[in-house]
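Visitor: Since the structure of chain A is provided, determine the placement of chain B on it from the hints.
So the sequences go chain by chain: A and B. Each residue of the first sequence is one higher than the one before, starting from 1 at the first, in our numbering. Each residue of the second sequence is one higher than the one before, starting from 1 at the first, in our numbering.
Treat the hints as calculated values from the structure; they're not laboratory data. Predicted, not measured: the structure shown is a model, and the values here were computed from it. We put the beta carbon where it would ideally sit given N, CA and C, even for glycine. Hints may be right or wrong, so weigh each one.
[What the hints assert, rightly or not] Pair ranges (Cβ atoms, derived):
1) A/L56 - B/P153: 23 to 29 Å
2) B/E222 - A/V126: 47 to 53 Å
3) A/G255 - B/G23: 23 to 29 Å
4) B/A38 - A/A313: 31 to 37 Å
5) A/G255 - B/V103: 43 to 49 Å
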Amino acid sequence: MTATMNFGTSSQPSPFAPPADDVRPDVPRVLVKTTPDDRLSFWGSLVGSGALVWLLYTQILPFSGRVGFVILWYGAFLAMYAGVTAMGNPATVVLDRLMGAIIRGGAYVVFGTLATAVVFTGAKGVEALSNLNFFTDDMAGVRPTDDLSMGGVVHAMVGSMIEIGIAVAVTLPLGIGAAVYMNEVGGPLARVVRTIVEAMTALPSIVAGLFIYTVLIVTLGVSRTGIAAAMAIAIMMLPIIARSADVVLRVMPGGLREASLALGATKWQTVRQVVLPTVRPGLATALILGIARGVGETSPVLLTSGASTYFNANPFNEPMNSLPLYVFAAVRSGEPLYIARGFGAAAVLMVLVLILFIITRILARQKVGRR
Amino acid sequence: MATVTESAPAAAAPPDTTDVPRGIDPGLAREDKVFFVAARTVGIVVLAIMGSIGVFLGYQSIPTLSRYGASFFTESQWQPENDVLGISAVLVGTFTVALVALVIAFPLALTSAIYISEYATSRVKRLLVSVIDLMAAVPSIIWGLWGFFLLQPKAIHAAHWLHTHVGWLPFFNVDTDPDSASWAQSRYAASAFIAGIAVSMMVLPMAAAVMIHVFGQAPIGEREAALGLGSTRWGMVRTVVLPFGRGGIIGGSMLSLGRALGETIAVVLIISPAFDIKFRPLEVGTNTVAALIAGRFGEATSSQLSALLTAGFVLFIITLIINTLAAMIVARSRSGAQE
Numbered sequence: 001m002t003a004t005m006n007f008g009t010s011s012q013p014s015p016f017a018p019p020a021d022d023v024r025p026d027v028p029r030v031l032v033k034t035t036p037d038d039r040l041s042f043w044g045s046l047v048g049s050g051a052l053v054w055l056l057y058t059q060i061l062p063f064s065g066r067v068g069f070v071i072l073w074y075g076a077f078l079a080m081y082a083g084v085t086a087m088g089n090p091a092t093v094v095l096d097r098l099m100g101a102i103i104r105g106g107a108y109v110v111f112g113t114l115a116t117a118v119v120f121t122g123a124k125g126v127e128a129l130s131n132l133n134f135f136t137d138d139m140a141g142v143r144p145t146d147d148l149s150m151g152g153v154v155h156a157m158v159g160s161m162i163e164i165g166i167a168v169a170v171t172l173p174l175g176i177g178a179a180v181y182m183n184e185v186g187g188p189l190a191r192v193v194r195t196i197v198e199a200m201t202a203l204p205s206i207v208a209g210l211f212i213y214t215v216l217i218v219t220l221g222v223s224r225t226g227i228a229a230a231m232a233i234a235i236m237m238l239p240i241i242a243r244s245a246d247v248v249l250r251v252m253p254g255g256l257r258e259a260s261l262a263l264g265a266t267k268w269q270t271v272r273q274v275v276l277p278t279v280r281p282g283l284a285t286a287l288i289l290g291i292a293r294g295v296g297e298t299s300p301v302l303l304t305s306g307a308s309t310y311f312n313a314n315p316f317n318e319p320m321n322s323l324p325l326y327v328f329a330a331v332r333s334g335e336p337l338y339i340a341r342g343f344g345a346a347a348v349l350m351v352l353v354l355i356l357f358i359i360t361r362i363l364a365r366q367k368v369g370r371r
Numbered sequence: 001m002a003t004v005t006e007s008a009p010a011a012a013a014p015p016d017t018t019d020v021p022r023g024i025d026p027g028l029a030r031e032d033k034v035f036f037v038a039a040r041t042v043g044i045v046v047l048a049i050m051g052s053i054g055v056f057l058g059y060q061s062i063p064t065l066s067r068y069g070a071s072f073f074t075e076s077q078w079q080p081e082n083d084v085l086g087i088s089a090v091l092v093g094t095f096t097v098a099l100v101a102l103v104i105a106f107p108l109a110l111t112s113a114i115y116i117s118e119y120a121t122s123r124v125k126r127l128l129v130s131v132i133d134l135m136a137a138v139p140s141i142i143w144g145l146w147g148f149f150l151l152q153p154k155a156i157h158a159a160h161w162l163h164t165h166v167g168w169l170p171f172f173n174v175d176t177d178p179d180s181a182s183w184a185q186s187r188y189a190a191s192a193f194i195a196g197i198a199v200s201m202m203v204l205p206m207a208a209a210v211m212i213h214v215f216g217q218a219p220i221g222e223r224e225a226a227l228g229l230g231s232t233r234w235g236m237v238r239t240v241v242l243p244f245g246r247g248g249i250i251g252g253s254m255l256s257l258g259r260a261l262g263e264t265i266a267v268v269l270i271i272s273p274a275f276d277i278k279f280r281p282l283e284v285g286t287n288t289v290a291a292l293i294a295g296r297f298g299e300a301t302s303s304q305l306s307a308l309l310t311a312g313f314v315l316f317i318i319t320l321i322i323n324t325l326a327a328m329i330v331a332r333s334r335s336g337a338q339e
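Just chain A, with the same shape it has in the complex:
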């Protein structure tokens, strides 16, 4: 900015320039500018309200507690900021500043809360995670009161992987196939399928679990196994994946599809060589978000898988544990060491979801690059 201004206000007028009193060089206007007055009124209000609340809240009035302090500080800050701004600005500016502070405050609360949840889980989980046997042992023969140097969650990790793997193997072809049917084949039946799939996204996960429990375990006599849990997760994930795949296919530009058909390709060739490759990143995103949802959901597995303490990689026989179920059982036990294990498993689950999420982001970014 300053460089441009120096150039423009140089004292050597060009021979072609208009009369000297009319020299108004084009200087781009700064759209968002903060004057020292603005900054001082912000920081001054922040510090002043903090000091005021500290004095009143902790020293004079009989209150205590950090949460109350922060809430009062924020309230006092808003009042003081509005008052200070009102001294030199019209009412519209005061309102703008005030709403800006409120909106920013709300956003910071949301991101701060997410951070506390992640950090809290990680911090409480470190105790269990620092023992390497946590990643290599199962809980067979380990009592809840045993030290953290015994036992681990490998059985729950493997169980989660197997269950989600089976669920994906079932839902991926069905979900994407249904989405292809709705968009590429169409017809009155396809509209029925779309309506039902959209309706079923409202199915609470616990009801999906209860459905599988009643049908597979109570009625058909299947024992509580990994496959039952995988089916419950699949029932929960299928509408989610089918619906998001449907959305991805629906927003695909029709021109590509029509160009392929106009060149004489059959419908199937169009779907396989034009439609699916084009929407692949979107489908991958939909799938992975579905997986992240399925792997963290506790209620379907709570009803269907049973909870083994030992390593079991066979989904068709014997109960199988999974990470969310392990966490749930551990924190309900009330035993401090077992709760510490639960937090460790929760941290593992969190990292798993985070990894899936980062993969999603990378895939989504590829989409931008391909265009």
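Guide: Only chain B this time, still in chain A's reference frame:
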């Protein structure tokens, strides 16, 4: 189909015969027939699976509903051993938790959506949209742990404070003396209020994502017109973005309400089950349909299982109605924004 065979003699015919018009519709290639049949089969399978759940739940509800009739919706107790069953208390609890969640999630979702959509710079904006998506992917059990171990010890003080100072409102009342020297902390724990806060964090990203989406669709011309007339940023948000996004704000909130009604694990971890109809969310003990199913499925006989399935069916129907309304509102607002 038949037209394929028709076009063949036309090509083979000698040139001096009269022109046989070629079929405009060549019919389907063989691989397309296979593809159509396969796709239709998958569609029918999905329809059958999804539809059978709804039909099954409805069918299983018949014996319970015919046995208990309307009392299933008015009875508050769940005592299968005494043949007394009803979901009025759990329905009230479900809505209490969901409403607490919505009351907390709505302003936070709205402000963070406005912040991301209107205040953040474009680079930060993309990051923050990812953060909101990540928040939606955080497993509910993590929010349960957060609510139970981190939030609850603090929230009981907030609940006590609310009871002490605004306890004259029946909604904030708790059945204990707030001013006694050592106030009963356990009376404020394991309440619908605390469960609602945990659920609010789960449903918030869903509402925020919808709001960010519709705010982004507010027409650029009218934004610039507002700014060009000298509007402040908030003035532009209030006069352009919020009116255009109104459908998204309402619809997104309703979608999150639907999700909040079915939330299980965080609620199970936090609340202590109680079967009385009460409108005192700050007080210990409540129950929701989802928590009822999670707590009672194991010991249930087949008739009790049918009752649980009926409760689940009622929950599903409520969620379905709310989601459908929300989808309609969002869709209508979108078409309005394009005009």
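Visitor: Name the hints, by number, that the structure is in violation of.
Guide: The structure breaks none of the hints.
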